[in-house]
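Turn these sequences into a full structure, and let the hints guide you.
Protein chains: 2
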Amino acid sequence: MNETLKVIKERRSCRRFADTGLQRDVLSQIIEAGRIAPTGSNVQKVKFYVVSGKALEDLVEAARQAFAEMDENEEGLFPTIKYSIRKSKQGRFDFIYGAPILVVLTCEKGYANAMADCVCANMSMMLAAASLKVDSCYINQLHWLDGNRKIMKALGAGGEETICCSLALGYGDPTAIGKEKKITGSPVVELK
Amino acid sequence: MNETLKVIKERRSCRRFADTGLQRDVLSQIIEAGRIAPTGSNVQKVKFYVVSGKALEDLVEAARQAFAEMDENEEGLFPTIKYSIRKSKQGRFDFIYGAPILVVLTCEKGYANAMADCVCANMSMMLAAASLKVDSCYINQLHWLDGNRKIMKALGAGGEETICCSLALGYGDPTAIGKEKKITGSPVVELK
Numbered sequence: 000m001n002e003t004l005k006v007i008k009e010r011r012s013c014r015r016f017a018d019t020g021l022q023r024d025v026l027s028q029i030i031e032a033g034r035i036a037p038t039g040s041n042v043q044k045v046k047f048y049v050v051s052g053k054a055l056e057d058l059v060e061a062a063r064q065a066f067a068e069m070d071e072n073e074e075g076l077f078p079t080i081k082y083s084i085r086k087s088k089q090g091r092f093d094f095i096y097g098a099p100i101l102v103v104l105t106c107e108k109g110y111a112n113a114m115a116d117c118v119c120a121n122m123s124m125m126l127a128a129a130s131l132k133v134d135s136c137y138i139n140q141l142h143w144l145d146g147n148r149k150i151m152k153a154l155g156a157g158g159e160e161t162i163c164c165s166l167a168l169g170y171g172d173p174t175a176i177g178k179e180k181k182i183t184g185s186p187v188v189e190l191k
Numbered sequence: 000m001n002e003t004l005k006v007i008k009e010r011r012s013c014r015r016f017a018d019t020g021l022q023r024d025v026l027s028q029i030i031e032a033g034r035i036a037p038t039g040s041n042v043q044k045v046k047f048y049v050v051s052g053k054a055l056e057d058l059v060e061a062a063r064q065a066f067a068e069m070d071e072n073e074e075g076l077f078p079t080i081k082y083s084i085r086k087s088k089q090g091r092f093d094f095i096y097g098a099p100i101l102v103v104l105t106c107e108k109g110y111a112n113a114m115a116d117c118v119c120a121n122m123s124m125m126l127a128a129a130s131l132k133v134d135s136c137y138i139n140q141l142h143w144l145d146g147n148r149k150i151m152k153a154l155g156a157g158g159e160e161t162i163c164c165s166l167a168l169g170y171g172d173p174t175a176i177g178k179e180k181k182i183t184g185s186p187v188v189e190l191k
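Which chain is which? The protein sequence lines are A and B, in order. Quick note on numbering that gives the first Met the number 0: the first sequence kicks off at 0 and runs consecutively. Quick note on numbering that gives the first Met the number 0: the second sequence kicks off at 0 and runs consecutively.
Be careful, since some hints might not be right.
If chains are identical, the list can't say which one is meant, so a pair holds when it fits in one copy or spans any two.
[Claimed, not checked] Derived DSBU-like pairs: lysine-lysine, alpha-carbon spacing no greater than 30 angstroms straight-line:
1. 132 <-> 44
2. 88 <-> 181
3. 180 <-> 5
4. 178 <-> 44
5. 53 <-> 8
6. 5 <-> 149
7. 191 <-> 53
8. 86 <-> 178
9. 191 <-> 8
10. 180 <-> 8
11. 180 <-> 53
If you're looking for bench data, these hints aren't it; they were derived computationally from the structure.
Listed below in structure tokens is the structure:
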């Protein structure tokens, strides 16, 4: 098995981060891996917000407030959204598991490949991070809060942008040991 | 630069394939890279249709017919869709650039993370392919034709499925030389 396949196989999502930051050049290599990912017709419209420090604290608090204003009994809500609302109403919800860095990916609103292009960049960054022994977790919460006034303001994002996804980056808390991942779903159908 | 970062940097989309197929174990390693990609809350709901041979010829023809029935002057159509419609009306349109294999990714209709999960799997397969010197191209056409009766029938997909994306796999025609990719967009904004 080559190095890349090994990285793909061994990558795990991290849900408890230590507060150790990333070295500048390590972070930079991860972001560049996102920027070189494919985009529809090579339009390169993905915008990368690299958020840390006080700006990240403010964003986490903005998300908590936004969720706290929502109703978890609303019909059709995804279970993780319900959980985010409940925790936020209790006054404590850190949607990035204590990560020191969050990369938020946005695109032009109405652009047909917005999700496709942003998620390709996110996955590319995840694998670049794993290859550099940096832990990460794909974060959906800001996509669900896309367009929320508090969130767009915290990012300084314009009304013409749509938030597609984000990625928490850092080093996993050494006491949080990842389990081996088992494939139990993801069926394969062969048509010839 | 480690091997994975090198693969990420050097991967190119291939838009002209030779008809050489993939060895069974090579294809299998690429599919497994998609199946191990992260999914929201680890639900593993992505379904992988691995299409080749006669089934792929039928799918290409079904897509051509579906596009030929559309109106390229409809408002708000993405440029590549307009092109697909025009070419299909002219009676010739191979949306997979002659690739011998297409992997089509579907998910449960209405599942909130359908696009996120499928695109992560697609990007993971692209990089696995690149690490194995297999060429690929992210294909959007079937996502645009999602729900079309001819397409769903060609896949044998049920009405409860949604097509999120697909990936053409094969070996690039040796006369088609990829240009170096330059990053000209994809802005980075740092917030601290």
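Each hint, compared with the structure:
no.: 1; hint: 132 <-> 44; in the structure: both (28 angstroms within a copy, 28 angstroms between copies)
no.: 2; hint: 88 <-> 181; in the structure: neither (34 angstroms within a copy, 46 angstroms between copies)
no.: 3; hint: 180 <-> 5; in the structure: both (13 angstroms within a copy, 26 angstroms between copies)
no.: 4; hint: 178 <-> 44; in the structure: between (36 angstroms within a copy, 20 angstroms between copies)
no.: 5; hint: 53 <-> 8; in the structure: neither (35 angstroms within a copy, 32 angstroms between copies)
no.: 6; hint: 5 <-> 149; in the structure: neither (40 angstroms within a copy, 39 angstroms between copies)
no.: 7; hint: 191 <-> 53; in the structure: between (55 angstroms within a copy, 6 angstroms between copies)
no.: 8; hint: 86 <-> 178; in the structure: within (25 angstroms within a copy, 50 angstroms between copies)
no.: 9; hint: 191 <-> 8; in the structure: within (28 angstroms within a copy, 33 angstroms between copies)
no.: 10; hint: 180 <-> 8; in the structure: both (9 angstroms within a copy, 27 angstroms between copies)
no.: 11; hint: 180 <-> 53; in the structure: neither (34 angstroms within a copy, 35 angstroms between copies)
Comparing the model with each numbered hint stated earlier shows that hints 2, 5, 6, 11 do not hold.
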